[in-house]
Amino acid sequence: MGTHDHDHHGHHHDHDHDEQRWSEVELRVKALESLLVDKGLVDPAALDLLIETYETKVGPRNGAHVVAKAWSDPGFKARLLENASAAIAELGYIGRQGEDMVVLENTDRVRNMVVCTLCSCYPWPVLGLPPVWYKSAPYRARAVREPRAVLAEFGTAVTEDVEVRVWDSTAELRYLVLPQRPPGTEGMDEAALARLVTRDSMIGVGEPLRPGEA
Amino acid sequence: MDGAHDLGGMHGFGAIAPDPNEPRFHHPWERRAFAVTLACGMLGRWNIDMARFAREDTDPQIYLNSTYYEHWLRGLRRLLVERGLVSAAELESGEAAGPGPVPAVPASRVPTLLTQRRLARRPANAPPRYRPGDAVRVRNLHPRGHTRMPRYVRGHVGVIERDHGVFVFPDSHATGAGEAPQRCYAVRFTAQTLWGPDAPAADRVLVDLWDDYLEAA
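These protein sequences, in sequence, are chains V and X. The working numbering puts the first sequence at residues 843 to 1056. The working numbering puts the second sequence at residues 35 to 251.
Hints in this document: simulated from the structure, not taken from any laboratory. Certain hints may be false.
Unchecked claim - So the derived label-pair ranges between C-beta atoms look like this: (1) V:Gln862 / X:Val115: 35 to 43 Å; (2) X:Pro162 / V:Gly934: 26 to 34 Å; (3) X:Gln226 / V:Pro1053: 33 to 41 Å; (4) X:Arg111 / V:Gly1054: 47 to 55 Å; (5) V:Ser876 / X:Gly230: 51 to 59 Å.
The model shown is predicted, which means the values in this text are computed figures rather than measured ones. Glycine included, every Cβ here is placed at the ideal spot set by N, Cα and C.
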């Protein structure tokens, strides 16, 4: 847990301090939940269902499906780039924090990457809930200012002639990066392609896996 | 507001340190904080811009020392009282003085509510003031309330990349003063415009900005 807490918080704390902090927060959350249940404002079964949905059902496999379909179906790709919300809805991925989608296509000349400097806007229906680093101060501060250094920390090198385009999600548009189809994937079907698509490649900080890496 | 949440471009935060084996939630309380926040939001007593403002409107030291779900909890506690669902005394004591003013959203309605599109998009109400390719300057505005104009673009000139259409205006929506729908555009800035001559010449930053944030350049 100590390691998580360091990553989680972006600072170094001693373990005992963290333990004490989280047990206090836990008590406050429990008190708040039972107050809301007592007042009839929340249904405990609804809470369980919300957690189950976002812990087990909605995640980056949805986005991987979208990307793999775009790689293997030119008609779908054209629709996705023209009207992302409608094309993604064709696959059944709809709902909150994905109401107005925009898909950004990476090419040999252009590399897109997505951040929300003001909070943590993220396309839930296709990527699930955001990872801690996406919500953290270092990523939000640095992505717009030194994207190439950020990409390097994710192991992604970008040559000088490539245009890096950083999209700051300040409005109700939600962005999904369409990474380039990896070489050596000719003949792979949609399901096999989807296994190569990583969450980070759809945020724009990483690359899809190569065949044999999945 | 010029708060600690407006992080774009700040120096000094260090490495990003992604955890490849990150769990969806780090502590059991995070699950509950997440779900309670969503369930209370479904009661319809506030909108997303009010929720964002409730999270960001705090002492910068508190903001920077809070984790994500601590922001959510702090915002939720404030909204519950401000929007009349719970009294400050109830929040303090944990004891319910009586039933809430609205019934809970039952679990049976959750799947529908989660897949319902809650669009912030509104019908076009006027022709666009700017077209793709137009140069615009971000106005030098520093409202004390909620805004989605990050500090790092204020006063700078960019180019309209795309017209997203008409959207609810957060600055107004966050106060309950109305939706004031207006055009929102992706505005493209060169990295050198924002960060000076040392930034890579090829790089661009795109920010979604509403009509009221912009003027012709």
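Starting from the hint list further up, note which numbers the structure goes against and sort them upward.
-> 1
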